[in-house]
Amino acid sequence: MIVLQWVFDIMMLFALLWLAWRALSSPDLFTAIVLFIAFGLVMSLAWVRLDAPDVALAEAAIGAGLTGALLLSALARLNDLADITHDRHKSAAGE
Amino acid sequence: MSSALLYALAGVSLFTLGLYALIVHAHLLRKILAINVMGSGVFLVLVALGGRTTGAEPDPVPHAMVITGIVVAISATALALALVLRVQAATGRAELPEEPLE
Amino acid sequence: MSAAGRSRHSPAFRWGLLLLLLTVAGGLGYALLTLPDQAVGLSEQVSANMATSGVQNPVTAVLINFRGYDTLLEMAVLLVALLGVWSLGSAEVHRRIDPQPVLSLLVGGLAPLMILMAGYLLWVGANAPGGAFQAGSVLAAAGILLLLSSKRFPVRLMGWPLRIGLLLGLGTFTAVGMTLLFVSGGFLQYPSNLAGALILFIEAAATLSIGVTLAALFLGGRPQAGPYR
Amino acid sequence: MRQIPWEVMLIMLPLTGAMACFFWPRRAITLGLITALGVVVCVAGLGWRVLEQGAQRYAVGGWNAPLGIDLYADGLSLLMLMVTAVVGLGISVYSIGYFERRQAAHFWPLWLFLWTALNALFLSADIFNLYVTLELLGLAAVALVALAGGANALTAAMRYLLVSLLASLCYLLGVALLYHNFGSVDIAILAQRVELSPAVWAAMGLMSAGLLLKSALFPLHFWLPPAHASAPAPVSALLSALVVKASFYILLRLWLEIFPPAGAAPGQLFGVLGSAAVLWGGIQALRQTRLKLLIAYSTVAQLGYLFLAFPLASSVAWKGSLYLLLSHALAKAAMFMAAGNILRFCGHDRIVGLDRVAQRLPVTMTAFALAGVSIIGLPPSGGFIGKWMLLEAALRAGQWWWVIILILGGLLAGAYVFKVIGYAFTRAGVLRQTSRVPMTMEWAALAMALAALLLGLVALWPLSLMEIGLPFGGGDAG
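Protein chains in written order, with my numbering: chain A, 1 to 95; chain B, 1001 to 1102; chain C, 2001 to 2229; chain D, 3001 to 3478.
Please note: incorrect hints may appear among the correct ones.
Restraint ranges, calculated between C-beta atoms of paired labels, are given here [stated by the list, open to error]:
no., chain 1, residue 1, chain 2, residue 2, range
1, C, 2191, D, 3440, 42 to 50 Å
2, D, 3262, C, 2052, 38 to 46 Å
3, D, 3440, C, 2183, 39 to 47 Å
4, C, 2179, D, 3352, 55 to 63 Å
5, C, 2047, D, 3454, 49 to 57 Å
6, A, 41, C, 2164, 49 to 57 Å
7, A, 7, C, 2128, 52 to 60 Å
If we take Cβ atoms under 10 Å as the criterion, some of the chain C residues that face chain B in the derived model are [as the list claims (entries may be wrong)]:
no., residue
8, 2106
9, 2110
10, 2112
11, 2113
Quick look at which bits of chain C chain B covers, simulated, 3 or more residues with Cβ under 8 Å [claimed, not checked]:
no., segment
12, 2020–2026
13, 2042–2054
14, 2196–2203
These aren't lab readings, by the way, just hints derived from the structure by calculation. Every value quoted in this text rests on a predicted model; they were computed, and no experiment measured them. We put the beta carbon where it would ideally sit given N, CA and C, even for glycine.
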């Protein structure tokens, strides 16, 4: 039983670190955000493992869910803005 | 080594990982992700070390502190994201300029 | 997306930084290893005072009662973030995805369920995991879904009703704290027979405000029908 | 008759005022001014109580530390609250003329939340509660910087936000280590229980690093000049006068109460960095072509002086440092307000283009010059008293090298202040259209500068306040 728990702990922490690393280094921002949301979900599993169910609920709802929604909507708006400025530059160059 | 310590060490690793990414990456969205990863690391240390009790129940005070911290983190993230959008609109890039503008 | 992963630092800088941070991490790890094996936390004080706290969930007791002042300031942090976002400009509420019928149907079923769930989380928070922040964020998620799927933006509600919703949690917390100051003699000092009811009252107001604030933060700017249009 | 808990009122009043200003944006100015006056009354009330009964401790919710959160007011916190009230009132009056209606509706609630955060911070005796107040302070300050709009202010605000969040997280990790080592987050209880261990060293390093970053000690000052220079003038004034001092105050508290066992070596490091800040900030200020950037770099230099007390670590040195902090708060508020007036008047703040401002805005230039007297450290200003005490402490400790820094810093400050005054008297090449500056803005600046001078004339009173609760330890009377 104890060994199983250790294996579980180590796997989860490894997943946590790997997700964080990938979220911070993957070249595509959309992928990064999705990985970050996954990171938040694994974090809330870790809170359950640490006997902190209140924190787990808060993390799942706020940390992963709402932060993820905020990040994705910000990314969508950033890309829109980039398109607009890009078009403006192109039309300015065309004239 | 107890599992409490293991989780706390993972927390320190996340903190350092986030700090590295915060300094190295230029894109502001990435910096915001890095700050959030750092925050998760700190929270992990805070809660994990509270599990070193003899009783069955872990210390609830760090749990409350971390819930406070999570709400502070989303507040800061929301403000930061709104600022990134304005920075991009004003300068055309979602990055901080190397030198302060004149 | 080439800009996203690019770094402007030289490899030498990055290696130096990596080395420095590894040293820092090593130091911190060593510091953790030398901590006493047994925690000297506050669990004993918390369990000794649970009987008079008004709730059975120790985390809720710490959040709203023992260290309620932290939570009050934290509600102010949430509101300040929103004020900051609003001061940056107004949201473009018109540019949204067309609500597809499937999404509308989904939201029509999902949103009421989520609101129910928020109510449940709030109620259960007194005795079991849950509470104002968890309930509030579920409420916010329901709000965001409704905002995404609605055909028309609820402009009518964007003036003072919205501001009341935003202020309700912090306002109620402050008002209860100050009333107790003049009635029972201490700021945020709940009389033990009323503590449960007062905590639920504060949490209900906080849930609503947290939900409204987080949903408003998602909009990313002051709604157009604000007071200065 | 129960005692009125002024410390609670000092936090809840600006908080309520901020909510009221947010709810009635059209009445924001009136509501804000009423709140500002109310806060001044509360500080007076608390001051009276502390003078009569000594240091005050208040257990919020009736739960004493370690379970609950204590508010604590001694001479040190009282002086911080007082200078915040004076500068806060000045900034409130100044902002009436500065902001147009639409911006005022955003400025007032944020400013009152910031004031709440400052008061809560100076009163808190709990290191986790201090973290929450730091975050409230940081977010409000960032939002206020961004209020100026434009690429410069927005990028400066963004940088400021990231730095502020990073610093808070470092601080919080330190809090976690201290809590799990000693089982409390109350400063007084920690002070009793603390004994040196690797975890305490780590906590000290993390918390100091975070707070130094927020206090912009050289070389961690990089974020300050753009943020302080591009913010709206009243915001620049309150950032330089109060916000950077708040994190310094926490550092001072921790250093005086929790970390004394750590010994003198870290203090020497602070002293060296502080000296570098004095010299580097002074030279940079001298090189600037924009008035607001010059004043911002002057803040970097002046913050350096505050850290000279750490290697000396004597009662006189701490008091001198605090005295410099108080007079810098008033003088720097005056300078930024004056710069705001000049910017409004000329439409720019290029120093070479200060076309006879001295003759055309005499009140504002008087304010700038008087504030300059205190910044340089000439008698009879508050800056002089502070530097004199640091000088005395350095000589008494036999560490004469800090005296050189004090003198060089004064010379540099003299050079950059007179550079501005010189250009303000001369005629620039091109005459430009000027705009009117409201009376309130001119007189608010002058009032702040006069208060900084006054601090030099009534030195005994603040010095006796510093004795209440013995925050700097007993021992050598200075």
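Verification of the supplied hints:
Against the hinted window of 42 to 50 Å, the Cβ-Cβ separation of residue 2191 of chain C and residue 3440 of chain D comes to about 47 Å, which satisfies the hint. Our hint of 38 to 46 Å for residue 3262 of chain D and residue 2052 of chain C holds, since their Cβ atoms are close to 39 Å apart. Against the hinted window of 39 to 47 Å, the Cβ-Cβ separation of residue 3440 of chain D and residue 2183 of chain C comes to about 41 Å, which satisfies the hint. For residue 2179 of chain C paired with residue 3352 of chain D, a C-beta distance near 60 Å keeps the hint of 55 to 63 Å intact.
For residue 2047 of chain C paired with residue 3454 of chain D, a C-beta distance near 54 Å keeps the hint of 49 to 57 Å intact. Our hint of 49 to 57 Å for residue 41 of chain A and residue 2164 of chain C is violated, since their Cβ atoms are close to 34 Å apart. A hinted range of 52 to 60 Å is violated for the C-beta pair residue 7 of chain A and residue 2128 of chain C, which are about 30 Å apart. With its C-beta approaching chain B no nearer than about 25 Å, residue 2106 of chain C sits outside the 10 Å limit, and its interface hint is violated.
Nearest Cβ of chain B to the Cβ of residue 2110 of chain C: about 22 Å, over the 10 Å cut. The hint is violated. The beta carbon of residue 2112 of chain C comes no nearer than 25 Å to any beta carbon in chain B, farther than 10 Å, and the hint placing it at the interface is violated. With its C-beta approaching chain B no nearer than about 23 Å, residue 2113 of chain C sits outside the 10 Å limit, and its interface hint is violated. Coverage of a stretch by a chain is defined here by at least three residues with a beta carbon nearer than 8 Å to that chain's beta carbons; for the segment 2020–2026 of chain C and chain B the count is 4, and the condition holds.
Counting residues of the segment 2042–2054 of chain C whose CB lies closer than 8 Å to any CB of chain B gives 4, so the stated coverage by that chain holds, three being the minimum. Coverage of the segment 2196–2203 of chain C by chain B is violated. Counting CB-CB distances below 8 Å, 0 residues qualify, and the rule asks for three or more.
Violated hints, listed in ascending order, are 6, 7, 8, 9, 10, 11 and 14; each of the other numbered hints is respected by the structure.
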